[in-house]
Amino acid sequence: MTGTGHDLRCDDLRLAYDAKVVVDGLSLAIPVGKITVIVGANACGKSTLLRALARLLKPKAGTVHLDGESIFRLPTRDVAIKVGILPQSPIAPEGLTVGDLVARGRYPHQRWFRQWSPEDEAAVSSALEATGTTDLANRPVDELSGGQRQRAWIAMALAQGTPIMLLDEPTTFLDMAHQVEVLDLLATLNATDGRTVVIVLHDLNQACRYAHHLVAMAGGTIVAEGAPADIVSEELVAKVFGLDCRVVPDPVAGTPMIIPIGSRHRGTLVHAD
1 MTGTGHDLRC DDLRLAYDAK VVVDGLSLAI PVGKITVIVG ANACGKSTLL
51 RALARLLKPK AGTVHLDGES IFRLPTRDVA IKVGILPQSP IAPEGLTVGD
101 LVARGRYPHQ RWFRQWSPED EAAVSSALEA TGTTDLANRP VDELSGGQRQ
151 RAWIAMALAQ GTPIMLLDEP TTFLDMAHQV EVLDLLATLN ATDGRTVVIV
201 LHDLNQACRY AHHLVAMAGG TIVAEGAPAD IVSEELVAKV FGLDCRVVPD
251 PVAGTPMIIP IGSRHRGTLV HAD
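Okay, so the sequence shown: first residue is 1 according to the working numbering, each after it adds one.
What the hints contain is simulated information worked out from the structure, not anything from laboratory work.
In this text, all values refer to a predicted model and were calculated from it rather than measured experimentally.
Beta carbons: idealized from backbone N, C-alpha and C, even for Gly.
Just to be clear, a hint being listed does not mean it is correct.
[To be verified] Label pairs and their in silico Cβ distance ranges:
| no. | residue 1 | residue 2 | range |
| --- | --- | --- | --- |
| 1 | Pro118 | Ala191 | 24 to 30 Å |
| 2 | Ser145 | Thr192 | 28 to 34 Å |
| 3 | Asn138 | Gly219 | 42 to 48 Å |
[Unchecked claim] No farther apart than 25 Å at their CA atoms in a straight line, the calculated lysine to any residue pairs in the SDA-like style are these:
| no. | residue 1 | residue 2 |
| --- | --- | --- |
| 4 | Lys20 | Gly242 |
| 5 | Lys58 | Ser89 |
| 6 | Lys82 | Asp184 |
| 7 | Lys239 | His213 |
| 8 | Lys58 | Ala80 |
| 9 | Lys82 | Asp11 |
| 10 | Lys34 | Thr192 |
| 11 | Lys20 | Ala80 |
| 12 | Lys239 | Ala218 |
All chains, full assembly: derive it from the sequences and hints.
Given below as structure tokens:
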């Protein structure tokens with residue numbers, strides 16, 4: 001499985017919940033085979049945009065194209081084989097085990113003439129191992145801690161084996177060590193399999209470290225997009241997050257690192273020589 005050749009883009013999208021417009025006039029081309037991270041303040045429309053890209057929310061205007069065709073006109077199974085989605089706070093049926101949850105990721109690959117196969121079994125085992133959930137395979141999902149549950153859902157998304165992965169805040173409920181593990185895993189999948197990965201993240205420093213392409217949103221529109229080193233500035237952070245900060249090189253990755261300045265420390269900045 002490789003992620004080459006599958007193009008996902010949206011043109012002039014208007015997205016709304018009932019009469020409330022959340023995104024208006026937004027166009028975005030997802031770079032093929034790269035990691036794109038979408039950032040922005042709460043309620044800026046980033047998760048709504050991801051739902052539209054996954055065909056979970058139909059636009060009021062505009063369209064989403066997958067390989068040049070409207071994603072809303074394609075058969076559901078065809079979309080599910082190419083695009084995987086991990087939404088915010090997913091809920092599993094009561095009593096469903098981790099192994100059964102991860103196996104559900106293989107459903108799009110099933111046909112009446114092709115039932116469960118060694119390939120499916122290998123994909124599930126690989127996903128469990130990659131997310132450190134092998135020992136949890138027989139545990140009910142609803143009995144797990146928040147972090148364990150999140151890793152189980154990520155394993156299901158991995159088992160689906162799609163060349164495009166969309167993940168809405170996949171590090172939610174995870175401690176710092178597991179956040180880094182998950183993001184490292186997604187980076188490895190991108191590097192080794194060529195998967196196109198789109199992630200909504202709250203942590204701007206993590207976004208800068210892992211993104212090839214960063215999309216900054218505010219008020220339902222894209223304020224800036226590009227390589228983190230090219231677009232992240234103190235002015236951008238102020239515009240998107242309303243936060244006073246300093247931007248310095250990350251001492252580990254060399255990518256932009258945001259140092260917030262609260263009111264308590266304003267006027268007492270320490271300047272490097």
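Cross-check of the supplied hints:
1. Between proline 118 and alanine 191, the C-beta spacing of about 26 Å keeps the proposed range 24 to 30 Å intact.
2. A C-beta distance of roughly 29 Å is found between serine 145 and threonine 192, which places it inside the suggested range of 28 to 34 Å.
3. Taking the beta carbon of each, asparagine 138 and glycine 219 are about 46 Å apart, inside 42 to 48 Å as hinted.
4. Only pairs whose Cα atoms come within 25 Å are accepted, and lysine 20 paired with glycine 242 is accepted, the gap being roughly 23 Å.
5. The straight-line distance between the Cα atoms of lysine 58 and serine 89 is roughly 20 Å, inside the 25 Å bound, and the hint therefore holds.
6. A hinted pair counts as satisfied when its Cα atoms are at most 25 Å apart, and lysine 82 with aspartate 184 qualifies at roughly 22 Å.
7. In summary, the hint linking lysine 239 to histidine 213 is supported, as the alpha carbons are separated by about 19 Å, within the 25 Å threshold.
8. Distance check on the hinted pair: lysine 58 and alanine 80 sit about 16 Å apart at the alpha-carbon level, within 25 Å; holds.
9. With a C-alpha separation of about 20 Å, the suggested pairing of lysine 82 with aspartate 11 holds against the 25 Å cut-off.
10. Taking the CA atoms of lysine 34 and threonine 192, the gap is near 11 Å; set against the 25 Å cutoff, the hint holds.
11. For a cut-off of 25 Å, the pair hint linking lysine 20 to alanine 80 is broken: about 28 Å separates their Cα positions.
12. Taking the CA atoms of lysine 239 and alanine 218, the gap is about 8 Å. The hint holds against a cut of 25 Å.
Of the numbered hints listed earlier, the single one contradicted by the structure is hint 11.
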